[in-house]
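There are 2 protein chains.
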Amino acid sequence: MRARILEMAEEQFRRIGYHKTSVTDIAAELGMSSANVYRFFPSKGAIIEAICGRVVNEVAEIAFAIARTSAPASEKLNRLLSAIHHHGTTTLIKEKRMHDMIVAAMQENRAIIKALIERLISIFEVIIREGIEAGEFKVEDPAEATRAVKTAFTPFFHPILIEHCLQHGEDIEAGLREQIRLILKALGKSY
Amino acid sequence: MRARILEMAEEQFRRIGYHKTSVTDIAAELGMSSANVYRFFPSKGAIIEAICGRVVNEVAEIAFAIARTSAPASEKLNRLLSAIHHHGTTTLIKEKRMHDMIVAAMQENRAIIKALIERLISIFEVIIREGIEAGEFKVEDPAEATRAVKTAFTPFFHPILIEHCLQHGEDIEAGLREQIRLILKALGKSY
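First to last, the sequence lines map onto chains A and B.
For the record, in the first sequence the residue sitting at position 67 is 66 according to numbering that gives the first Met the number 0, with numbers rising by one throughout.
For the record, in the second sequence the residue sitting at position 122 is 121 according to numbering that gives the first Met the number 0, with numbers rising by one throughout.
Chain A with its partners taken away, still in its complex shape (with noise of 0.2 Å):
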């Protein structure tokens, strides 16, 4: 039941926005009371939350199968940070919606979101980790690298950031490339 509301709650997002749909039109087209709805969740905020949740586990997927494979540490962090960014634009371009939900959701509910960040984080971690064990890299504090390297690409994983780059035409991908070039050489690798 928790996961056919989530399902149907989902659809009427991406259809009519997260703004206009209320916990009575997610329970009408379940043929469904809201009261019934609300044994599953308390309140409109704790559906858009497992939504999130989801997308959240999807971007946490991608990062762990791009970390499972045999490449280069340089070369799973590059791809490791362009799909993160793709995720991004492509959810803001083709589901516009869900995007608008995500940036609302961050602003009200930083706790979903912090631990994505932390698990990103973790991940690159162990890609910086292995590129130094392989001589790949060369870098003192691994924790500390790791966290900068979050920080420098801040702009091509943020949502409104995205947004306004898109916005104003900017060459977001030439950019993507260039800073992963720059995170590289600070990371130690030669070329």
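The hints are simulated quantities; they were obtained by calculation from the structure and are not laboratory data.
A hint or two may mislead.
With a straight-line cut-off of 30 Å between C-alpha atoms, the simulated DSSO-like cross-links for lysine-lysine are [said to hold, decoys possible]: (1) K137(B) x K137(A); (2) K95(A) x K149(B); (3) K149(B) x K149(A); (4) K93(A) x K149(B); (5) K113(A) x K137(A); (6) K188(A) x K188(B).
Go by the hints and put chain B onto chain A.
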């Protein structure tokens, strides 16, 4: 007269917020008619733009002053990145209403902010080229490196992101120092 209107407008924006201040209020405080204000500024938006222009010039002046010193390039870059960040956080903390006005202006009128970014990028590039000539930096494409440096510092410059970080108690100062270390390494600076 232009200067007096701007001064009064800025004072009211600081005191009651740009949103709640009307051209009529500004005119009344100056003991003149709204029509007279409109002779100098076609709209409230034009007044806001002129005041933002002043803030923009302030930041540019700070940057030029640092660029003119005789410190090594890495030290100049360090001071410059810190100074821009501090200007942003100081405005946010001490002059929240000015900060809010700048954020609104950024969203409505990008031209003036874009002009500031271009000026700052030029100053970054001058310093990076100085560092290359002095043998302090090892960079193949100074223009590319400059753009990437600017992007890497977006989280410390962008008014919306600064606000997010401060709201959530992140140690933004420590993050800035780490980011500067990473970027100097990317520019080939050895310690």
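Cross-check of the supplied hints:
1. K137(B) x K137(A): Distance of about 16 Å is within 30 Å: holds.
2. K95(A) x K149(B): holds (28 Å)
3. K149(B) x K149(A): Satisfied, since the Cα-Cα distance of roughly 15 Å is no more than 30 Å.
4. K93(A) x K149(B): holds (29 Å)
5. K113(A) x K137(A): At roughly 28 Å apart (the allowed maximum being 30 Å), K137(A) and K113(A) satisfy the hint.
6. K188(A) x K188(B): Cα-Cα ~14 Å, so holds.
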